[in-house]
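All chains, full assembly: derive it from the sequences and hints.
Spelled out, the chains give:
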Amino acid sequence: MIIRAKAKKGQNILTSNGRFICSSVDPQSEAKRWVGKNLAKLKGKTKLILLGVGCGYHLAELVQLKPHLEILAIDKREEFLEFSKSEHLLQLSEVQFLNVRSIEDFKASRSIQKTIVSPYAVLSFRPAMVEESSFYEELECFALGRSLEGLCFQLEKRKQFSFLKSNLAGSEVARFGSEHKLYSIKDLADAIPNENYLREANMIRILRELLV
Amino acid sequence: MRIGDILLGVPAIKAIRRQYPDAKIDLVVNEGFESIANLIEEIDHVHLFNRKFYQSTLLDKETPIFEGFDAVEDWLSDIASQKYDMVINLTQNKLSGYIAGLIDVPTYLGFAFNTRSQATFSSQWFRYLNDVVACDAETIFHYVDIFHFGCGGKKGEQDWRLRETAKGKQEVEEFFKIHGYSSQPKLVVQALTSDSKKNWGLDNWQKAIWQIKMAYPELNVILLGAPNETTQIEKLQSGLQDEGVASRVAILSLEGALSLLSVSDALLTGDTSIKHMANATSIKTIEIAIGSSDLRKTGSYSDGTVIISSRAKCQPCPHSSDCYQEEHLCGTGIAPELVSTVTVATIRRDGKALRAIAEEFGEEANVYLTDKKALGFWNVNLVSSTKSSFNLENKIEKLAWQFLLNGEHHKEVGPFGSESLRISEDISSEAWGKGSGEALQILNSFEARVQRAENQAEKILSALNLQMRTNSSLLKVEFLNDTLKREIQFLEKDLKLGKFLSEKVRIDSGTGLYRFRQIQNSLTDTYSLQQIKLKLIRRIRAQIEGVI
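Read top to bottom, the protein sequences are chains A and B. Residues 1 to 212 in this note's numbering are what the first sequence lists, from first letter to last. Residues 1 to 548 in this note's numbering are what the second sequence lists, from first letter to last.
There could be a bad hint or two in this list.
[Claimed, not checked] Only some residues are given here: those of chain B computed to face chain A with a beta carbon under 8 angstroms:
#1 Tyr-54
#2 Pro-64
#3 Phe-66
#4 Val-72
#5 Lys-94
#6 Tyr-98
#7 Gly-101
#8 Val-105
#9 Ser-117
Simulated from the structure, these hints should not be mistaken for laboratory data. We treat Cβ as the ideally placed atom computed from N, Cα and C, and that holds for glycine.
And the structure:
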């Protein structure tokens, strides 16, 4: 059950089933600290997938510091999205909100499909994820391309890598069968056939050499 | 490339500039090393390869998996937009080979993967770097010469000049303003290297410097270091002070270091980029080469440099692994007394004293003297006169390779005559010490061994050709029988060619014809090399005997 409340410093906040989804004392200070901690990850990026909208204070802080950042703000709860939009109407007018209840919803979004084929960052606001932590963990891995499913999704959307998708999926399911492995460039490099000379393949090999 | 690697390419860059005076020459280096370009006037622009950032994207599980890929793609696009005519690769690793191959240009020099991911070299010298140097052959060319010749440079034209900057001069002026010393004889000491295995140990440095000061009290000691080395350098200074030896600490930028070397008399150093920078000045260098330092490839290049190397069998060790010995054998094998006496003898230009010291310490260490003038490329002579066969055979071996790689052996006259004259004059000079009698003995013994090797190489080549002719299909993988393989290995070992031949035998990809050609080409080169050596030996002998 979602209930409106007041933080100690007077800001409007929400609780869900008795749990605060942002700071109950000063959500703005919490937001400032969170942005400060994550600012380095946004260097050089123009696009952000933000997981966990919650009460929206961290979003508002982010928009203030990075007004040109294209933000896709994702939450599982429609109510959190509505609250944030109304509470920070002016600041968040350029932010695109997405209600994502499953990995399938995420995959189906055109905005997501466009975002992941260019440089982007993924940030998570943990306080907003407190009730659905395993869902958000899975979503985060997927969004980063670090789960097998997420990686295959990325390969599908990056046309130049479509040749790798069947190599990877076939071989990894056979070899690992685990859902908990985090994928890396090394796995991609290992999946590239020796006789493949495509430019993209050699670029992956460059990255693989950097791991040596 | 690290700073030292970049500096090794300076003569090659200058050779390129001489060939293309109006070209724009841009350099690709790892981010963090761009300041070196200020010293190389031929460089117009520097592209930074942000290696650390790309690596961080690969190792950080919270970054999107394609972040590194997108970043590299952007960087390559930026380079492609410059529309270069040529890419020159002066490093020899897969990373640089892939990068070079992905920059689309009409001409490549050095290692590059082509569109079929096959390694290309575009020059016999760069192929030599891959096939011979990387296969651990014993007698090899210095990297500077390989790059220089590979880029079309001529013998004797290796140009090391670096640009001294106003910033560098100012740093040194301020240093002398504070510390004095400017008009007095100066010894610069670079005690620390970037690799702990190459470090001799501050205790040893302290002892050696103390002994140098006792023998040469008017010499002023300057301890050179980078900002991150300040604590250790000051520790060395403090230790010297306790022993009553004054010294000054100079923490300078690269530009400042070059200016300091330009006004100093001698440099005593480990294997560092500073020793390469010293090549651009007239400073006398004494190098201590231990650990992973391989003087054959990267020894200090200036003529008349003294290089001290231990005789520990494990040296040089691989860069990437830790020292596996219980104690640092290569370091302990070099006594402070050896270093101090060599340094004083070098500064005083006392060749006789240098030889006596080299002989005295000959059990534990080798003392080499570099010589570029004699052959037009870098070479070292063992100072100890008991090792004269090494010096002469080494020269002939390298000359033979140079003839082969430049195709000069096809010329009937000219190169053989002039080079053999040079060597025979060298033998007759005082530098040789023992005179022509011993030289003739060495030549005769060497000739016998080379003749045997030539016969063996010819025999193996004939057997290989016969084996191929009798094979019904060129696609058969095994056309080398065990006897042939063994003979190839023996020949390779006899000639100290490392794995030059056996690497080709080990190839297991490609068609039978491809594999055959690889082995045949290497054997043909080996055979030609012996023929060239024989020709040189006979010409030199004839010169000495006064026949020519």
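Hints versus structure:
1. Tyr-54: Check passed: Cβ of B/Tyr-54 comes within 5 angstroms of chain A, closer than 8 angstroms.
2. Pro-64: holds (5 angstroms)
3. Phe-66: holds (6 angstroms)
4. Val-72: At about 6 angstroms, which falls below the 8 angstroms cut-off, the nearest Cβ of chain A leaves the hint on B/Val-72 intact, so it holds.
5. Lys-94: Hint on B/Lys-94: holds, closest Cβ of chain A at ~5 angstroms, below 8 angstroms.
6. Tyr-98: holds (5 angstroms)
7. Gly-101: Holds. Min distance 7 angstroms.
8. Val-105: violated (14 angstroms)
9. Ser-117: Holds: closest Cβ of chain A sits about 5 angstroms from B/Ser-117, inside 8 angstroms.
The structure does not agree with numbered hint 8 stated previously, though it agrees with all others.
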